[in-house]
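Participant: Spelled out, the chains give:
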Amino acid sequence: MNAPAYNFAYLDEQTKRMIRRAILKAIAIPGYQVPFASREMPMPYGWGTGGVQVTAAILGPQDVLKVIDQGSDDTTNAISIRKFFAKTAGVATTTATDEATVIQTRHRIPETALHASQVLVYQVPIPEPLRFLEPRETETRRMHALAEYGLMHVKLYEDIARFGHIATAYAYPVKVNARYVMDPSPTPKFDNPKMDNCPALQLFGAGREKRIYAIPPYTQVVSLDFEDHPFEPYRFNAPCALCGAENSYLDEIVTDDKGGRMFVCSDTDYCEGRQAAGHHGSLSAAPYKEKAHG
Amino acid sequence: MTTIAELPPGFADKVLSAQSTFRSVMDAMARPGLVQRIVPMAGAPGPMMRGTAAIALTLFDHDTPLWLDAQMAESSDVLKWLKFHTGAPVVQDSSIAAFALISDGGALPPLERFALGSSEYPDRSTTVIVQVDGLSSGRAFELRGPGIDGVATLQASIKPFDLFERLRMNEALFPRGIDVVLVADDAVVAIPRTTRVVSKGS
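Going line by line, the protein sequences match chains A and B.
No gaps in the numbering here: position 13 of the first sequence is 13 in our numbering, and each next residue is one more.
No gaps in the numbering here: position 46 of the second sequence is 46 in our numbering, and each next residue is one more.
If you are wondering where the hints come from, they were derived from the structure by calculation, not from laboratory data.
Take the hints with a grain of salt, since some may be wrong.
These stretches of chain B come out as covered by chain A in the derived footprint (C-beta under 8 Å, 3 or more residues) [stated by the list, open to error]: (1) 15 to 21; (2) 59 to 67.
Partial chain B-side listing against chain A, Cβ under 10 Å, derived [to be verified]: (3) M29; (4) A30; (5) R31; (6) G117; (7) S119; (8) E120; (9) P122; (10) D123; (11) S125; (12) T127; (13) G145; (14) P146; (15) G150; (16) G177; (17) V181; (18) A190.
Glycine is no exception: its CB is placed at the ideal position from the N, C-alpha and C atoms.
Please work from the sequences and hints to get the whole structure.
Facilitator: Okay, here's the thing in structure tokens:
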């Protein structure tokens, strides 16, 4: 028997049907976490098993898949998931945000604006935004049922009382379609505004916690805040050292043990695209430096 | 008596056809009012349209109790086809159905009789699939809500004529509610519970 031992896109059809039904309900109730019978995947929890199952349920042979991990197409997690679907579904893969029809992401939203024919699939570790405030599922479920989100505002207020500002920097809670408070997965709060009124469909999969949720296109997504402490996206105050971008989300990279550091775009495709278009920063790669020094 | 050999066939390629059909339905649900096409062909028994048949093959199985309207339930071809191809149990109690198939919209029962979900689990609600005369011409409906960039205009010949008035109960019930999928031949439009009709002309 040399026949492949797995189905197209790895999951069996019954599992795909179950996930597909959950996705439809998730889209119909924006921000609500739909329970689903998450399967064991050939990778450990924490490596994106939720996102992988959602991607497997929607992916078709005509799709072009991009996978990013913290904005990067080149890390182990991104490469292994991309290879996984190239092998099990035979889909074309890309690193260019523009060309992708399905983008699976861990903890970032691409800098390039998404368009209507794309689906963004998030890998989610803890889907319940209230979980660290209230550990009981029965209680958080009731809080969502009653739209009782005072506890979350108390948490943000305590941030202000303690630090003088809302110190939550990632997984910053949002309210979807003026009803459900939702965890945007651990994306930096810099990315929160991109979720609002986005032309692309956004799907969220949490494998270990067995939840799927969604934001339909053109849906209002508001970051929670206070009138006197409005939501502010955070970004290091520096241009990218490689492409000079002043409006992208930056990673801080320590370069030596004497306090040396550089700031570079976390979105590698965006940064490479800008460099290819002739933009450069203070620490651009050698060919540029050689040219500059004659 | 119909034998299995005489039943209309399922998908020729059940994996890729189900995927393609699902993407059409997913896009329909994500962009209410926009007409999506279902490409893969399958046989359609009795009063069932080919779009409905494709959706059934894509989403129904032993985990999804089905409720059929009288016209569907009276067709032994439909019952046998569903049983053979999907294995989904047909139930008499519409309030426990995961999906409802309506071929005669004029006889659509009051929507409160379907599962509306609970406040804790609003997803445990019936998806009502209604076969309609047309999704390209007829009365104009202006829709607003998540998935719609401003306003979407849907032109449709729908029975029951007051479907959108009836669906206004979704407004008060939210997050509980009924999600509707309209099918006309190979065309499909979804009206999830978040969609609001703002005005309509003739």
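Participant: Taking the hints in turn, state whether each one holds.
Facilitator: For each hint, the structure was consulted:
1. 15 to 21: holds (count 5)
2. 59 to 67: holds (count 5)
3. M29: 5 Å, holds
4. A30: 5 Å, holds
5. R31: The hint holds - R31/B has a Cβ within 10 Å of chain A, the shortest such distance being about 6 Å.
6. G117: With Cβ-Cβ at 8 Å, under 10 Å, it holds.
7. S119: Constraint on S119/B satisfied, holds at 4 Å.
8. E120: 5 Å, holds
9. P122: Since the shortest Cβ distance to chain A is 5 Å, the answer is holds.
10. D123: With a closest approach of 4 Å, the D123/B hint holds.
11. S125: 8 Å, holds
12. T127: 7 Å, holds
13. G145: Holds, about 8 Å.
14. P146: Because about 4 Å separates P146/B from the closest Cβ in chain A, which is inside the 10 Å limit, the hint holds.
15. G150: Result: holds, 8 Å to nearest chain A Cβ.
16. G177: Status holds, d = 8 Å.
17. V181: For V181/B, the interface hint holds, since the closest Cβ of chain A sits about 9 Å away, which is under 10 Å.
18. A190: This interface hint holds because 8 Å falls under the 10 Å limit.
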